[in-house]
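Starting from the known structure of chain F, fit chain S onto it as the hints suggest.
There are 2 protein chains.
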Amino acid sequence: MSSNSAVIKEKNFTWSGVERKDYKTDGHNFKDIHRYTLLADEHPELNTQTRYFEIQPGGYSSLEYHHHPHSVVIIRGRGHVVLNNELREISAFDMVYISPDTIHQFHADDGEPLGFICIVDRYRDRPVIPSDEKIKSMIDSEEVLHKIRK
Amino acid sequence: MSSNSAVIKEKNFTWSGVERKDYKTDGHNFKDIHRYTLLADEHPELNTQTRYFEIQPGGYSSLEYHHHPHSVVIIRGRGHVVLNNELREISAFDMVYISPDTIHQFHADDGEPLGFICIVDRYRDRPVIPSDEKIKSMIDSEEVLHKIRK
Numbered sequence: 009m010s011s012n013s014a015v016i017k018e019k020n021f022t023w024s025g026v027e028r029k030d031y032k033t034d035g036h037n038f039k040d041i042h043r044y045t046l047l048a049d050e051h052p053e054l055n056t057q058t059r060y061f062e063i064q065p066g067g068y069s070s071l072e073y074h075h076h077p078h079s080v081v082i083i084r085g086r087g088h089v090v091l092n093n094e095l096r097e098i099s100a101f102d103m104v105y106i107s108p109d110t111i112h113q114f115h116a117d118d119g120e121p122l123g124f125i126c127i128v129d130r131y132r133d134r135p136v137i138p139s140d141e142k143i144k145s146m147i148d149s150e151e152v153l154h155k156i157r158k
Numbered sequence: 009m010s011s012n013s014a015v016i017k018e019k020n021f022t023w024s025g026v027e028r029k030d031y032k033t034d035g036h037n038f039k040d041i042h043r044y045t046l047l048a049d050e051h052p053e054l055n056t057q058t059r060y061f062e063i064q065p066g067g068y069s070s071l072e073y074h075h076h077p078h079s080v081v082i083i084r085g086r087g088h089v090v091l092n093n094e095l096r097e098i099s100a101f102d103m104v105y106i107s108p109d110t111i112h113q114f115h116a117d118d119g120e121p122l123g124f125i126c127i128v129d130r131y132r133d134r135p136v137i138p139s140d141e142k143i144k145s146m147i148d149s150e151e152v153l154h155k156i157r158k
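Line by line, the protein sequences are chains F and S.
Position 123 of the first sequence, counted from 1, bears residue number 131 in the working numbering, the numbering being contiguous throughout.
Position 118 of the second sequence, counted from 1, bears residue number 126 in the working numbering, the numbering being contiguous throughout.
Here chain F stands alone, though its shape is the one from the complex (with noise of 0.2 Å):
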């Protein structure tokens, strides 16, 4: 008896049958990033997407921040996370959680791309763009504010 379980075959950062996506449909406050979507709305009886994401050099995800938490495993590169008022160096398999409402971007070094493994509920809020006082708020380091990109 077969089953709906699959093995999606990688190669250099890709997996078999997965499109390469833009990642984000609107905006402009992120670069050189893109999303493949893994696992997601084809197991309506998962609750969870798995998606992988990949920056490349210099690049970075939008500054956000939303209700719902990310699990994410770093599988390529380094880089830097925005953790509200800290950043963090990030390099292959360390593992990010980024709890609910923090303010958060990821930065590819120089060098290589950084890619990662982010897993989020199937069913969750919109990310919000913080406004510059909200960044004001919950922001004062001088190292944060000099890496975030808006």
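Hints are computed from structural coordinates only; laboratory data are not their basis.
Careful: at least some of the hints might be erroneous.
Just so you know, same-sequence chains aren't split out, so a pair can sit in one copy or run between any two.
To be verified - Pairs of lysine to aspartate or glutamate, EDC-like flavour, derived with a Cα cap of 16 Å:
1. Lys-158 <-> Asp-118
2. Lys-29 <-> Asp-118
3. Lys-29 <-> Glu-72
4. Lys-19 <-> Glu-97
5. Lys-39 <-> Asp-117
6. Lys-17 <-> Glu-97
7. Lys-142 <-> Asp-118
8. Lys-39 <-> Asp-129
9. Lys-39 <-> Asp-118
10. Lys-144 <-> Asp-40
11. Lys-142 <-> Asp-30
Leaving out everything else, chain S in the frame of chain F:
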């Protein structure tokens, strides 16, 4: 302002502050496998748990099935996975989806450990060890019957 977000640094496939644990507390239908719980109940807002499993060369996980699905990302080594009547090769960065009630077992090949991230719902049913009758009703591939360990 800080947050409950966290970066858990990895080194040689161990994670800062994360203990290596027994795979299960009972049974002996598995071999040379350990569990690292990366994200779990310390974050009550998380609907999932993220675990890393590592199987030493020649080892295997228990042959089992359950109603909750598994989202699995291989991050180290190579091996095989049984999915009901199928035997599939797996290696680093392949994605494995295990759908509800699929009889499954991971095997590390000889030569290097097989390591994988496995995400599950926080609230989930317990695994069931298939009876010989159940195996007979689900599996008739000689290749799979030769591979499984129980």
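Against the structure, the hints come out as follows:
{"no.": "1", "hint": "Lys-158 <-> Asp-118", "verdict": "neither (19 Å within a copy, 49 Å between copies)"}
{"no.": "2", "hint": "Lys-29 <-> Asp-118", "verdict": "neither (22 Å within a copy, 37 Å between copies)"}
{"no.": "3", "hint": "Lys-29 <-> Glu-72", "verdict": "neither (20 Å within a copy, 36 Å between copies)"}
{"no.": "4", "hint": "Lys-19 <-> Glu-97", "verdict": "between (26 Å within a copy, 14 Å between copies)"}
{"no.": "5", "hint": "Lys-39 <-> Asp-117", "verdict": "within (13 Å within a copy, 40 Å between copies)"}
{"no.": "6", "hint": "Lys-17 <-> Glu-97", "verdict": "between (29 Å within a copy, 9 Å between copies)"}
{"no.": "7", "hint": "Lys-142 <-> Asp-118", "verdict": "neither (29 Å within a copy, 54 Å between copies)"}
{"no.": "8", "hint": "Lys-39 <-> Asp-129", "verdict": "neither (25 Å within a copy, 33 Å between copies)"}
{"no.": "9", "hint": "Lys-39 <-> Asp-118", "verdict": "within (13 Å within a copy, 42 Å between copies)"}
{"no.": "10", "hint": "Lys-144 <-> Asp-40", "verdict": "neither (26 Å within a copy, 51 Å between copies)"}
{"no.": "11", "hint": "Lys-142 <-> Asp-30", "verdict": "neither (27 Å within a copy, 45 Å between copies)"}
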